[in-house]
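Line by line, the protein sequences give chains U and F. With this note's numbering applied, the first sequence corresponds to residues 7 to 158, in that order. With this note's numbering applied, the second sequence corresponds to residues 6 to 155, in that order.
Since the hints were made in silico from the structure, they are not lab data. Treat the hints with care, since some could be wrong.
Claimed, not checked - With a cut-off of at most 30 Å between alpha-carbon atoms, the simulated BS3-like pairs for lysine-lysine come out as follows:
no., chain 1, residue 1, chain 2, residue 2
1, F, 94, U, 118
2, U, 110, F, 79
3, F, 72, F, 127
4, F, 116, F, 87
5, F, 72, F, 87
6, F, 44, U, 110
7, F, 96, U, 118
8, F, 149, F, 87
9, U, 118, F, 72
10, F, 116, F, 72
11, F, 149, F, 86
12, F, 127, F, 86
13, F, 46, U, 118
14, F, 93, U, 110
15, F, 127, U, 110
16, F, 86, F, 44
17, F, 116, F, 46
18, U, 118, F, 93
19, F, 87, F, 37
20, U, 118, F, 86
21, F, 127, F, 149
22, U, 118, F, 37
23, F, 94, F, 72
24, F, 93, F, 114
25, U, 24, U, 46
26, F, 72, U, 110
27, U, 46, F, 37
28, U, 110, F, 37
29, F, 86, U, 24
30, F, 86, U, 46
31, F, 79, U, 46
32, U, 110, F, 114
33, U, 55, F, 116
34, F, 72, F, 149
35, F, 46, F, 127
36, F, 37, F, 149
37, F, 149, U, 46
Stated by the list, open to error - According to the in silico footprint, chain F covers these stretches of chain U (three or more CB under 8 Å from chain F):
no., region
38, 45 to 52
39, 112 to 120
Just so you know, even glycine gets a beta-carbon here, dropped at the ideal spot from N, CA and C.
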Amino acid sequence: MNRIHIISPEEADVLLQKYYEGETTNAEEQLIVDFLSQTKIPERFNADKAIFGFFAAKRQKPKAIHIPLMKWASIAAVLFGLIFLGKGFYNDKQNDFTYINGQKHTDRQMVKEQALASLDNLSASCNEIETSAENLRNDDLAASQLQIFCQE
Amino acid sequence: MKRNKIYFLLLLTVAMMASPRLHAQKDLQISKVFEEYGKMKGVVLVELTDEVLGNYNFTLFKSITIKDNPSTSKFIRECLKKDESGAKKIKQVVSNGVPTSIYLQLPRKGKDNRLILFNESKTPFSQITLIYIETPSDTEDVLKLLLKKK
Numbered sequence: 007m008n009r010i011h012i013i014s015p016e017e018a019d020v021l022l023q024k025y026y027e028g029e030t031t032n033a034e035e036q037l038i039v040d041f042l043s044q045t046k047i048p049e050r051f052n053a054d055k056a057i058f059g060f061f062a063a064k065r066q067k068p069k070a071i072h073i074p075l076m077k078w079a080s081i082a083a084v085l086f087g088l089i090f091l092g093k094g095f096y097n098d099k100q101n102d103f104t105y106i107n108g109q110k111h112t113d114r115q116m117v118k119e120q121a122l123a124s125l126d127n128l129s130a131s132c133n134e135i136e137t138s139a140e141n142l143r144n145d146d147l148a149a150s151q152l153q154i155f156c157q158e
Numbered sequence: 006m007k008r009n010k011i012y013f014l015l016l017l018t019v020a021m022m023a024s025p026r027l028h029a030q031k032d033l034q035i036s037k038v039f040e041e042y043g044k045m046k047g048v049v050l051v052e053l054t055d056e057v058l059g060n061y062n063f064t065l066f067k068s069i070t071i072k073d074n075p076s077t078s079k080f081i082r083e084c085l086k087k088d089e090s091g092a093k094k095i096k097q098v099v100s101n102g103v104p105t106s107i108y109l110q111l112p113r114k115g116k117d118n119r120l121i122l123f124n125e126s127k128t129p130f131s132q133i134t135l136i137y138i139e140t141p142s143d144t145e146d147v148l149k150l151l152l153k154k155k
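Could you put together the complete structure from these sequences and hints?
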């Protein structure tokens with residue numbers, strides 16, 4: 007196991023001076039980093055710490071986020087559901103409509119009137135059937151039809 | 006494992022929520038009639054949801070009235086014939102061997118009763134009316150209301 011060698015603040019001063027002059031080796035830079043990464047160091051190193059902290063953050067590798075497949079599937083399903091429901095609610099508002107000769111009308115009163123008109127068509131045909139049936143039961147009609155044969 | 010179950014339930018819930026009532030008639034052949042002829046000339050298509058018509062609440066009311074286009078009646082009858090399976094025929098009027106009125110009561114869907122009403126009249130002009138209804142009300146009461154003399 008590698009033991010980390012921590013330099014003294016005085017040594018750090020010297021190495022930092024060299025660092026800013028661009029004369030440090032990789033090993034020396036690591037010594038500076040190790041020194042500055044300590045929690046208790048003199049306040050005069052705060053500026054250096056900030057600079058190295060910034061660079062340290064830049065050097066960090068991005069963490070790969072692993073989301074299980076099922077989680078992805080459920081996220082997708084929820085999104086799909088929300089879109090679908092949203093669309094459904096939107097459509098609900100647009101759902102009362104009538105097309106007359108291919109032209110769309112959404113006025114609710116007009117739609118209702120057309121609905122009632124289509125029901126009237128059915129009831130009218132029912133009345134027609136009932137009227138025909140009543141006519142068949144009508145004795146006068148039968149008599150008038152028999153009359154035709156009598157005339158011959 | 007427990008988490009997987011939760012995700013599965015979530016998935017199932019969303020899937021169930023994503024099946025809107027408005028597509029309830031899509032499983033029927035007559036939906037093709039609404040789709041194919043609904044926007045044509047000489048046709049009146051109506052779609053109404055959650056409306057009260059004459060004291061009865063209709064969850065869904067869909068109708069199509071086709072004027073002067075008797076050729077469509079053959080297609081509609083074919084659709085009705087397919088939808089008849091599993092349905093109860095409430096009424097049928099046959100004229101010259103051709104059904105001119107057909108009323109079908111379909112199996113319930115949820116709490117709603119479902120009805121298909123078809124009529125073809127030739128006087129004074131050719132007119133076909135096809136109605137699809139979903140209602141929580143009693144079918145017999147609804148029919149009495151719909152077909153009462155006006």
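Which hints, by number, does the structure contradict? Per hint list: 10, 14, 17, 27, 29, 30, 31, 33, 37 and 38 violated.
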